[in-house]
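Engineer: Based on the provided sequences and hints, a complete structural model is requested.
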Amino acid sequence: MTTTSRSGSARGGGRVVAGRLPWVLVVPALLGLAFLVLPLAGLLIRAPWPTLLQRLSEPQILEALRLSVVTATIATAVCLLLGVPLAWLLARVDLPGKRVVRALVTVPLVLPPVVGGVALLLVLGRRGLVGQWLESAFGVTLPFTTAGVVIAEAFVAMPFLVISVEGALRAADQRYEEAAATLGASRWTVFRRVTLPLVAPGIVAGAVLCWARALGEFGATITFAGNFPGTTRTMPLAVYLALETEPEAAIVLSLVLLAVSVVILASLRDRWVNAA
Amino acid sequence: MTAPGLSARLVVTRPAFRLDVSFDVVPGEVVALLGPNGAGKTTALRALAGLIGLAAEGHITLDGRPLHTEPPDRRPIGMVFQDYLLFPHLSALDNVAFGPRCRGASKAEARRVAAGLLERVGLAAQAGAKPRRLSGGQAQRVALARALAVRPRLLLLDEPLAALDAHTRLEIRSQLRRHLAGFDGATVLVTHDPLDAMVLADRLVVVEDGAVVQQGGPAEVARRPRTDYVARLVGLNLYRGSGDGARVKVGELPFSTIEQVDGPAFVAFSPAAVALYRTRPDGSPRNLWQAAVEGVERHGDNVRVHLGGPIAAFVDITPAALADLDLSPGRQVWAAVKATETHAYPA
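Chains as they are written, first to last, in full-length UniProt numbering: chain Z, 1 to 276; chain W, 1 to 347.
Hints were generated in silico from the structure; no laboratory data involved. You may find that some hints are simply not true.
[As the list claims (entries may be wrong)] With a cut-off of at most 25 angstroms between alpha-carbon atoms, the simulated SDA-like pairs for lysine to any residue come out as follows: (1) K130/W x F191/Z; (2) K338/W x G241/W; (3) K130/W x L196/Z.
[As the list claims (entries may be wrong)] Now the stretches of chain Z that chain W is said to cover, found in silico as 3 or more residues with beta-carbon under 8 angstroms: (4) 167–179; (5) 193–200.
Note that beta-carbon positions come from the ideal geometry of N, C-alpha and C, so glycine has one too.
Structural biologist: Here's what the structure looks like:
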């Protein structure tokens with residue numbers, strides 16, 4: 001009995017005689033924790049709980065909510081369509097200058113979203129390099145439209161998907177793909193019937209993360225797509241606007257976004273939070 | 001060059017390693033590439049499959065057709081990988097049906113072929129099971145069925161029994177032998193286990209450090225090893241010397257043999273053929289030399305004595321003999337081998 005309990009505690013890391021905790025580490029640690037948690041707690045404390053449901057059903061809020069969900073979902077679909085092949089290219093094909101390509105892919109991760117919005121305007125705006133041509137050839141204008149929102153969100157969110165899927169591809173055992181090749185599978189068949197099923201969990205995680213990022217997108221959206229109710233005013237934009245006029249509505253919208261974040265974090269906790 | 005079967009020269013260059021082996025396999029024949037870890041056996045097999053490229057000097061010809069210019073998915077091969085690599089998301093049936101599907105069969109046709117093969121390897125009942133629910137022996141048989149499902153002309157097996165425990169291994173080895181006997185194409189098998197090679201293969205190609213050091217039938221290789229590695233595998237003492245008729249001189253030590261060899265020669269004898277004496281035995285016509293005991297270890301039911309001295313040798317004696325001789329490291333003993341117990345052959 002004694003031996004089992006002893007080995008049990010040893011495995012748990014307990015029963016080690018450690019010195020006193022150094023306050024120079026503990027105090028900043030607790031301050032840091034408070035700094036991260038208090039604002040969220042404030043949001044919960046100040047929330048207008050009694051009128052929450054009623055406020056949630058206000059037309060402008062519902063409209064922003066609907067627009068956000070729709071654009072984030074379409075943006076995620078676009079990211080999947082383009083990002084999964086891009087991740088495959090980075091993980092499986094010997095490209096010259098692959099390191100540069102990978103660095104370029106991750107730029108939107110660290111770029112201020114407003115800068116991203118400005119860049120999108122310069123390329124896809126009415127006078128932009130590609131936008132000019134799009135308008136004259138097809139009569140399509142992207143800035144300040146719902147399509148523009150999708151583009152801004154996809155631009156900012158795609159790196160999350162690419163990095164997640166590329167990581168999953170690198171971690172997957174490539175010998176399964178070799179086995180498929182010896183059975184006569186072309187590279188496309190290998191990708192479709194072996195690679196994709198093997199990395200499906202990574203793709204799902206990447207898509208969820210991508211969707212969350214798209215849902216919260218603010219800077220690039222407001223710069224590239226503007227802030228028009230019903231067409232481009234997504235939730236983060238509505239939060240910002242409501243703060244001026246109707247702080248309670250801003251809190252309610254913020255709560256919704258917070259709830260979404262928590263749900264996503266919980267669903268991905270095994271892959272991202274505890275991964276390290 | 002138009003002979004049926006496989007004719008290959010496999011040349012692969014890597015930093016600090018070069019593989020250059022040539023061998024032929026006729027249809028219906030099983031050739032085992034036998035060698036220590038790192039000898040380049042698996043590299044050779046992957047080159048045959050097209051998973052790694054050949055250097056310019058290399059070539060692979062199968063049934064008169066050049067194979068080395070084709071990508072892996074265009075080669076008429078079936079491969080069984082060391083840890084099988086069954087697709088984890090597909091059932092046993094769909095794993096086996098994967099190849100026929102890729103080669104143009106309809107879904108129903110592919111499944112019919114797959115069901116037939118699973119039946120043949122005795123796994124009809126496991127057709128719907130995912131690979132993680134199969135035992136090692138079952139997974140091995142599914143992998144074999146999957147490789148055979150594409151009707152290959154060349155079957156490649158990479159350490160097909162290495163992942164199995166000793167008991168399963170015995171059973172699967174004899175089953176595999178039966179399935180290989182029923183296969184009409186060329187088979188190349190890679191193994192580091194001499195027993196697997198001798199039981200499964202018609203011919204052995206021994207590879208060391210990226211080169212073929214010996215090839216021949218199992219009996220030939222077992223009786224007449226040509227390198228220390230092969231001698232150890234088949235459990236013989238092996239020496240290189242020079243022959244002049246009925247004697248082979250190994251270093252300063254002349255060995256009387258029954259075979260007549262002139263010029264460079266090998267002498268081989270079994271560790272069990274050596275007798276040990278504390279004092280010099282009298283009046284015997286045996287090959288006799290004095291040596292120091294370097295070590296003693298258990299070897300099955302017997303004891304294996306390592307001898308130093310003029311020639312290093314393994315000697316197998318019974319535990320009783322060990323007690324009688326009172327052997328311990330450093331002790332001087334006399335070792336004797338009858339001429340009839342030795343094999344001499346040209347080097």
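Engineer: Run every hint past the structure and note whether it holds.
Structural biologist: Results for each hint:
no.	hint	result
1	K130/W x F191/Z	20 angstroms, holds
2	K338/W x G241/W	18 angstroms, holds
3	K130/W x L196/Z	17 angstroms, holds
4	167–179	holds (count 5)
5	193–200	holds (count 4)
Checked against the numbered hints above, the structure breaks none of them.
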